[in-house]
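Chain residues, written in single-letter form:
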Amino acid sequence: MEPINEIKSVITPLNQKNVDTDQIISKEFLKRIERTGFGKYLFYHWRFDAEDNPIQDFVLNDERYKDSTVLVAHDNFGCGSSREHAPWAILDYGFRVVIAPSFADIFYNNCMKNGILPIKLSVDEVEAILSKEEYNVEVNLETQTVTGADGSVYLFDIDPYQKKMLLNGWDEISLTFQYEDHIKAFENKKLAN
Amino acid sequence: MAKTIIEKIWDEHVVYEEEGKPDLLYIDLHLLHEVTSPQAFEGLRLNNRKVRRPDLCFATMDHNVPTRNREEIKDVIARKQITTLQDNCEEFGVPLANMDHPDQGIVHIIGPDLGLTQPGKTIVCGDSHTSTHGAFGAIAFGIGTSEVEHVLSTQTLWQARPKTMEIKVTGELGYGVAAKDIILAIISKFGIDMGTGYIVEYTGEAIRKLSMEERMTICNMSIEAGARAGLISPDATTVEFLRGREHVPTGEAFEKEAARWLALASDEGAVYDQTVEISADEIEPFVTWGTNPSMGSGVSNNIPLTQHFTEASDRSAHEKALAYMGLKEGMPLTDIAISNVFIGSCTNARLSDLRTAATVVEGRKVHPAVKAIVVPGSQTVKKQAEQEGIDKIFLNAGFEWRESGCSMCLAMNDDIVPAGEHCASTSNRNFEGRQGAGSRTHLMSPAMAAAAAIEGHIVDIRKFQLDSVGV
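Protein sequences, first through last, are from chains A and B.
The first sequence maps to residues -11 to 181 in this note's numbering.
The second sequence maps to residues -5 to 465 in this note's numbering.
Careful, some of the hints might be misleading.
Simulated crosslink set (DMTMM-like; lysine to aspartate or glutamate; CA at most 25 Å straight-line) [to be verified]:
1) A/K178 <-> B/E1
2) A/K152 <-> B/D17
3) A/K151 <-> B/E11
4) B/K365 <-> A/E16
5) B/K2 <-> A/D169
6) A/K177 <-> B/D49
7) B/K250 <-> A/E175
8) B/K68 <-> A/E39
9) B/K15 <-> A/E(-10)
10) B/K74 <-> A/E160
11) A/K108 <-> B/E13
12) B/K15 <-> A/D145
13) A/K108 <-> B/D17
14) A/K178 <-> B/E240
15) A/K172 <-> B/E13
16) B/K157 <-> A/D145
17) A/K172 <-> B/E276
18) A/K108 <-> B/D267
19) A/K178 <-> B/D49
20) A/K177 <-> B/E6
21) A/K172 <-> B/E1
22) A/K172 <-> B/E12
23) B/K314 <-> A/D45
24) B/K314 <-> A/E(-10)
25) B/K15 <-> A/E175
26) A/K178 <-> B/E249
27) A/K178 <-> B/D17
28) B/K322 <-> A/D45
29) A/K178 <-> B/E6
30) B/K314 <-> A/D112
Hints were generated in silico from the structure; no laboratory data involved.
With the hints as constraints, model all of the structure from the sequences given.
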């Protein structure tokens, strides 16, 4: 996966809580057998009406956020299904960072495997960010900071293991192969019992 | 020190641990299906990797498969996904129950039925309802496709040790109240993200009295409360369910396994990071009126008023949900007209669910405005139901009787609720568009869905049944 460290962008404000993975990528788009090409289906039924015309008041159709790489939403982002097509769609659309007060566990993990940085900030901090017009931020994973154009600095926590994986864009499977002796020993012990 | 079953199973499966790293956890059973596996197999091919332990994998086709006219899948992309799984399983030596196999069915129904699901195992699948298998006292959770690839390659996953939560269900279930109502009541009371970061254990006398099928219904929807995994300590009910199943040992070896399983139960005095309680006595038959599983209430209630919510974000979510559902605040739930009924899904498509629903519809007719389908959870369930004549009861009442699969739970195949229509569904999610673009889902138990099919609107199963015997 693509390493990630510094991201500068205007934020895309998605003023909703409990955004589920069915909304992020609807089931009719899960039939593809590739990892790519899901971006055009991101939030499809919120972006387009039944005749496939853009719904003007949906934030992804707002010209101001066309090139944004940072998505901001309320609590419990990514709840529901385990479909990794959700982060694939987010990434393919162009987002590299998602900020929310909380994330569903499986979605959070899936982001980590795809070079998307999920940032947890407090409810108040997220509300402060969402309250500003066309807010530009600078995200730095190394220093674990989100710095706003107005000088506000927000610190975030991240598991050190996952931070290292994201910063380096490492392939986790290759790393795990280095533990083959441990896995083998575990299996032998299991067989013996 | 007293330990919870969660800690016992976890500790038994740690392959490697190091400060500052998640644990490397061994996986005992990896279930696969056609939708979340193709990219993982492709990853193996691109990197010239093998499936490390094909003997610990089991695959089936469920999400995408048609529930009628299986000979010819018209959807070219869906067909491609199905043939891709067949090819991948052949190439990598993974056991597969394909669409024509007598064991085919929803992955979370066939795992337990074949005895692949066993107490003490770590079980994963690229599907969030993997939590179902926790009913047996296993740590079972959904994973993404990258993790599917990781398990295929290494039989392990890097996992941070989860926090533990006890959800204690005290008291006794009332007349007409089902396992589905318990879990919907839990989610409604504590919220859809109460379980984030936790593995949940369901305890209490109301849980102990449940059959394995009912326990699976509850664990299945743990993810709807945010918990990746939910489980129930094994007991005699668990052991008796597994006895004689295809993949469990026989004779002396079974008794030895059974003793080991029973010893996994949480110790007296074990401490959880959090404990919450709900009384079964307060739970009535439940239905959802909104667009996530926590937006529901007892069937005798009205849809809450917007002003009832204190937080602005909850008020706007409530308004948005009601606008989508085409419902009004304050209206009685039993006034909601139903034009589609779906009895199926990994939550409620087991033989016992079909039996219960059949009792409700026997000798009655589906309301003329309702289209009702029954989708058995597996081909085995279907066959057993047919042997008991349950198919005839549904067919005579005007239900359609289909082949097994996920079907209208997520509407990836042709089984779709038309835009704007309301569906009484025994499935697990009522998200916007879940059963088809613009569809409006009401989650409920099999008996409640069956009664709604007869009446054409949501009904209180308790009243329905008492009326029918002339009380």
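Results for each hint:
A C-alpha spacing of about 18 Å is found between A/K178 and B/E1, which places the hinted pair at or below 25 Å, so the restraint holds. The hinted pair formed by A/K152 and B/D17 meets the criterion: a straight-line CA distance of about 16 Å does not exceed 25 Å. Distance check on the hinted pair: A/K151 and B/E11 sit about 18 Å apart at the alpha-carbon level, within 25 Å; holds. For a cut-off of 25 Å, the pair hint linking B/K365 to A/E16 stands: about 22 Å separates their Cα positions.
Under the criterion of a C-alpha separation no larger than 25 Å, the hint pairing B/K2 with A/D169 is consistent with the structure, at around 24 Å. The hinted pair formed by A/K177 and B/D49 meets the criterion: a straight-line CA distance of about 18 Å does not exceed 25 Å. A C-alpha spacing of about 20 Å is found between B/K250 and A/E175, which places the hinted pair at or below 25 Å, so the restraint holds. Restraint check for B/K68 and A/E39: the C-alpha separation of about 23 Å stays at or below 25 Å, so the hint holds.
The suggested pairing of B/K15 with A/E(-10) holds, with an alpha-carbon distance near 21 Å, which does not exceed 25 Å. Proposed proximity of B/K74 and A/E160 is contradicted: the alpha carbons are some 29 Å apart, above 25 Å. Among the hinted pairs, A/K108 with B/E13 is consistent with the structure: their alpha-carbon atoms are about 23 Å apart, no more than 25 Å. Pair hint B/K15 plus A/D145 holds up; C-alpha atoms about 15 Å apart against a cutoff of 25 Å.
Distance restraint check for A/K108 and B/D17: the Cα-Cα separation of roughly 22 Å lies within the 25 Å cut-off, and the hinted pair is therefore satisfied. A C-alpha spacing of about 22 Å is found between A/K178 and B/E240, which places the hinted pair at or below 25 Å, so the restraint holds. Straight-line distance between C-alpha atoms of A/K172 and B/E13 comes to about 22 Å, which keeps the hinted pair within the 25 Å bound. This hinted pair checks out: B/K157 and A/D145 have alpha carbons roughly 18 Å apart, not beyond 25 Å.
For the given pair, A/K172 sits about 51 Å from B/E276 by alpha-carbon distance, which is inconsistent with the 25 Å threshold. Among the hinted pairs, A/K108 with B/D267 is consistent with the structure: their alpha-carbon atoms are about 21 Å apart, no more than 25 Å. Distance restraint check for A/K178 and B/D49: the Cα-Cα separation of roughly 15 Å lies within the 25 Å cut-off, and the hinted pair is therefore satisfied. Taking the CA atoms of A/K177 and B/E6, the gap is near 11 Å; set against the 25 Å cutoff, the hint holds.
Taken as a hint, the A/K172 and B/E1 pair is honoured in the structure, with Cα atoms around 23 Å apart against an allowance of 25 Å. With a C-alpha separation of about 18 Å, the suggested pair A/K172 and B/E12 falls inside the 25 Å cut-off, and the hint holds. With a C-alpha separation of about 15 Å, the suggested pairing of B/K314 with A/D45 holds against the 25 Å cut-off. For the hint pairing B/K314 with A/E(-10), the CA-to-CA distance comes to about 37 Å; that exceeds 25 Å, so the pair is violated.
Simply put, B/K15 and A/E175 have alpha-carbon atoms about 21 Å apart, close enough for the 25 Å limit, and the pair holds. Proposed proximity of A/K178 and B/E249 is supported: the alpha carbons are some 19 Å apart, at most 25 Å. Among the hinted pairs, A/K178 with B/D17 is consistent with the structure: their alpha-carbon atoms are about 18 Å apart, no more than 25 Å. Between B/K322 and A/D45, the direct Cα distance comes to roughly 24 Å. Compliance with the 25 Å bound is thereby established for this hinted pair.
Simply put, A/K178 and B/E6 have alpha-carbon atoms about 10 Å apart, close enough for the 25 Å limit, and the pair holds. The straight-line distance between the Cα atoms of B/K314 and A/D112 is roughly 23 Å, inside the 25 Å bound, and the hint therefore holds.
Comparing the model with each earlier hint shows violations of hints 10, 17, 24; every other hint is respected.
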